[in-house]
Amino acid sequence: VTHSGYDAAGRLTAQTDAAGRRTEYGLNVVSGDITDITTPDGRETKFYYNDGNQLTAVVSPDGLESRRAYDEPGRLVSETSRSGDVIRYAYDNPHSELPATTTDATGSTRQMTWSRYGQLLAFTDCSGYQTRYEYDRFGQMTAVHREEGISLYRRYDNRGRLTSVKDAQGRETRYEYNAAGDLTAVITPDGNRSETQYDAWGKAVSTTQGGLTRSMEYDAAGRVISLTNENGSHSVFSYDALDRLVQQGGFDGRTQRYHYDLTGKLTQSEDEGLVTLWYYDESDRITHRTVNGEPAEQWQYDDHGWLTDISHLSEGHRVAVHYGYDDKGRLTGERQTVENPETGELLWQHETTHAYNEQGLANRVTPDSLPPVEWLTYGSGYLAGMKLGDTPLLEYTRDRMHRETVRS
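Add 1434 to a position in the sequence shown, counting from 1, and you land on the number used in this note's numbering.
Hints in this document: simulated from the structure, not taken from any laboratory. Note that the Cβ used here is the ideal one computed from N, Cα and C, for glycine as well. Every clue listed holds true.
Quick list of simulated restraints, FRET-style, between CB atoms:
(1) 1577 to 1711: 54 to 64 Å
(2) 1708 to 1463: 51 to 61 Å
(3) 1775 to 1465: 46 to 56 Å
(4) 1736 to 1711: 19 to 29 Å
(5) 1521 to 1442: 38 to 48 Å
Work out the full structure, taking the sequences as your base and the hints as a guide.
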């Protein structure tokens, strides 16, 4: 049971879940906009708005901020991500809310042309290559024309259902439907036919492809309770009153069971004598698990909520991976260690660092005691080559559509 609280205007101000954990919502008394959300662990997310009640900033519990800016008519002109990457939007029509161009953090610009009905008519990528779109009088897309004569054509029936997709080489995929509008058959260009049958409630009960059939059965609540695969093997499923899977009998005869806490988190799973218990912190992040009472993996987080360590015991040793981040929340390092679990003595370690270019794209990995591996990119991030230290490893030659043509 979830209990909700409201203010005098009927706006949600708090919710308490079945475990007694309370989430609070701060509201602007005038506009009713949510200004902050405080979760049961005390972590707070803040929201900021302009005079037009448009969202301008979100400050996450880890302190990272995303921002939005608008022009005088209220159109979005820029978005800044949590990592500081900026996407800018420009408009060529003072009365249109649809952008004519977008420019990403790498400086790559894309252009869009729209119809008066808001349909995308043309898209020009950062290299100047254009894709054009056509529509019928009902607004359904009927054709896509790309560079080099690459086109795709779509046909519909009088009920607006897709019946055919044909490419520039004339290869056609066809679709068939029943009277209720359910997709009953897909015929591929090579003539292969896949058929699906439905019950009176529109749920798929069997699918046949290549002479092989997979079938499903449902309970009164519409949940799959039996699945028979193409080999005739069965898998059965059971659920609790909240529609959560509590038991599964697999094709191989194994039975698996699942248990949940009051908030719906998996707390115990059973698989043929293996009992796994799952544990979480106040932020619902998994912290550790045990198998048949023995410690298994452990997870640790920093004050930002970012994963910093994951470890487990292997042959009497504590094996761990430690993660480091920059102030933008990007992964900067991974350190693998093997320790004596009783004394904490470090027996072995290996560290890998990650670096990013000015546009925020990952471009270099440096393993311990080895030269860095670097990705060479162009434009908005197309891979041009790789090198180990100063030694070229790979070079990619691409055509005007950025497709790989030669690897050397």
